[in-house]
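*Asks:* Sequence:
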Amino acid sequence: DCEDPNPLIRALAVRTMGCIRVDKITEYLCEPLRKCLRDEDPYVRKTAAVCVAKLYDINAGLVEDQGFLDQLKDLLSDSNPM
1 DCEDPNPLIR ALAVRTMGCI RVDKITEYLC EPLRKCLRDE DPYVRKTAAV CVAKLYDINA
61 GLVEDQGFLD QLKDLLSDSN PM
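Yeah, the sequence shown ends on 82 if you go by full-length UniProt numbering, and it's all consecutive.
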C-alpha cells in the first residue's frame, strides 16, 4: 500500500508499519519507509518521520546504519513541511 496513488493510503500503510513493534521484521520496513520519507506528499513524509522514531525505539542501530537520521535532517529543511 506504500505504492498506492492515494497519499492517505500511503500514510496509513506507513503508520501501520510503525505499529508493528517486532524486532525481527524491522529490516523489511526499511525500503518502504525510505520511499515514504521521499514521498511527494508532505503528510506521507511526516508520517514516515514518526515511523522512524518508533523504529529507532525498537532498533536504534538499524536506523543509524540505514541512514534514516540523515534523511530526517533533510526533512527539517523541507520546503513544504507539515
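Please note that a few of the clues may not be correct.
What the hints assert, rightly or not - Simulated crosslink set (EDC-like; lysine to aspartate or glutamate; CA at most 20 Å straight-line):
| id | residue 1 | residue 2 |
| --- | --- | --- |
| 1 | Lys35 | Glu3 |
| 2 | Lys24 | Asp78 |
| 3 | Lys35 | Asp74 |
| 4 | Lys46 | Asp78 |
| 5 | Lys54 | Asp23 |
| 6 | Lys24 | Asp41 |
| 7 | Lys73 | Glu3 |
| 8 | Lys54 | Asp65 |
| 9 | Lys24 | Asp39 |
| 10 | Lys24 | Asp57 |
| 11 | Lys24 | Asp70 |
| 12 | Lys73 | Asp41 |
| 13 | Lys54 | Asp70 |
| 14 | Lys54 | Glu64 |
| 15 | Lys35 | Asp78 |
| 16 | Lys24 | Glu64 |
| 17 | Lys46 | Glu31 |
| 18 | Lys24 | Asp65 |
| 19 | Lys24 | Glu3 |
| 20 | Lys35 | Asp4 |
| 21 | Lys46 | Asp4 |
| 22 | Lys46 | Asp70 |
| 23 | Lys54 | Asp74 |
| 24 | Lys54 | Asp39 |
| 25 | Lys73 | Glu31 |
| 26 | Lys24 | Asp74 |
| 27 | Lys24 | Asp4 |
| 28 | Lys73 | Asp23 |
Calculated from the structure, these hints are not laboratory results.
*Asks:* Hints first: check each against the structure and report whether it holds.
*Replies:* Going down the list of hints, with the structure as the test:
1. Proximity of Lys35 to Glu3 is assessed by CA-CA distance (about 9 Å); at most 20 Å being required, the pair is judged to hold.
2. Our distance criterion of 20 Å between C-alpha atoms is broken by Lys24 and Asp78, whose separation comes to about 32 Å.
3. With a C-alpha separation of about 14 Å, the suggested pair Lys35 and Asp74 falls inside the 20 Å cut-off, and the hint holds.
4. Note on Lys46 and Asp78: the hinted pairing holds, with a Cα-Cα distance of about 11 Å set against a maximum of 20 Å.
5. Straight-line distance between C-alpha atoms of Lys54 and Asp23 comes to about 11 Å, which keeps the hinted pair within the 20 Å bound.
6. Taking the CA atoms of Lys24 and Asp41, the gap is about 29 Å. The hint is violated against a cut of 20 Å.
7. For the suggested pair Lys73 and Glu3, the alpha carbons sit about 24 Å apart, so the restraint of at most 20 Å is broken.
8. Under the criterion of a C-alpha separation no larger than 20 Å, the hint pairing Lys54 with Asp65 is consistent with the structure, at around 16 Å.
9. Taking the CA atoms of Lys24 and Asp39, the gap is near 26 Å; set against the 20 Å cutoff, the hint is violated.
10. The hinted pair formed by Lys24 and Asp57 meets the criterion: a straight-line CA distance of about 14 Å does not exceed 20 Å.
11. Between Lys24 and Asp70 the CA atoms are separated by roughly 23 Å; this puts the pair beyond 20 Å, and the hint is violated.
12. Restraint check for Lys73 and Asp41: satisfied, since their Cα atoms lie roughly 17 Å apart, inside the 20 Å limit.
13. For the given pair, Lys54 sits about 16 Å from Asp70 by alpha-carbon distance, which is consistent with the 20 Å threshold.
14. The suggested pairing of Lys54 with Glu64 holds, with an alpha-carbon distance near 13 Å, which does not exceed 20 Å.
15. Proximity of Lys35 to Asp78 is assessed by CA-CA distance (about 16 Å); at most 20 Å being required, the pair is judged to hold.
16. Taking the CA atoms of Lys24 and Glu64, the gap is about 17 Å. The hint holds against a cut of 20 Å.
17. At most 20 Å may separate the alpha-carbon atoms for a hinted pair to count; Lys46 and Glu31 meet this at roughly 16 Å.
18. About 16 Å separates the Cα atoms of Lys24 and Asp65, which keeps this hinted pair within 20 Å; it holds.
19. Our distance criterion of 20 Å between C-alpha atoms is broken by Lys24 and Glu3, whose separation comes to about 23 Å.
20. Proximity of Lys35 to Asp4 is assessed by CA-CA distance (about 12 Å); at most 20 Å being required, the pair is judged to hold.
21. Distance hint between Lys46 and Asp4 is fulfilled; the C-alpha atoms sit about 17 Å from each other, no more than 20 Å.
22. Between Lys46 and Asp70 the CA atoms are separated by roughly 15 Å; this keeps the pair inside 20 Å, and the hint holds.
23. With a C-alpha separation of about 18 Å, the suggested pair Lys54 and Asp74 falls inside the 20 Å cut-off, and the hint holds.
24. Distance check on the hinted pair: Lys54 and Asp39 sit about 19 Å apart at the alpha-carbon level, within 20 Å; holds.
25. At most 20 Å may separate the alpha-carbon atoms for a hinted pair to count; Lys73 and Glu31 meet this at roughly 18 Å.
26. For the suggested pair Lys24 and Asp74, the alpha carbons sit about 28 Å apart, so the restraint of at most 20 Å is broken.
27. A threshold of 20 Å between alpha carbons decides the hint, and for Lys24 with Asp4 the separation of about 26 Å lies outside it, so the pair is violated.
28. Between Lys73 and Asp23 the CA atoms are separated by roughly 24 Å; this puts the pair beyond 20 Å, and the hint is violated.
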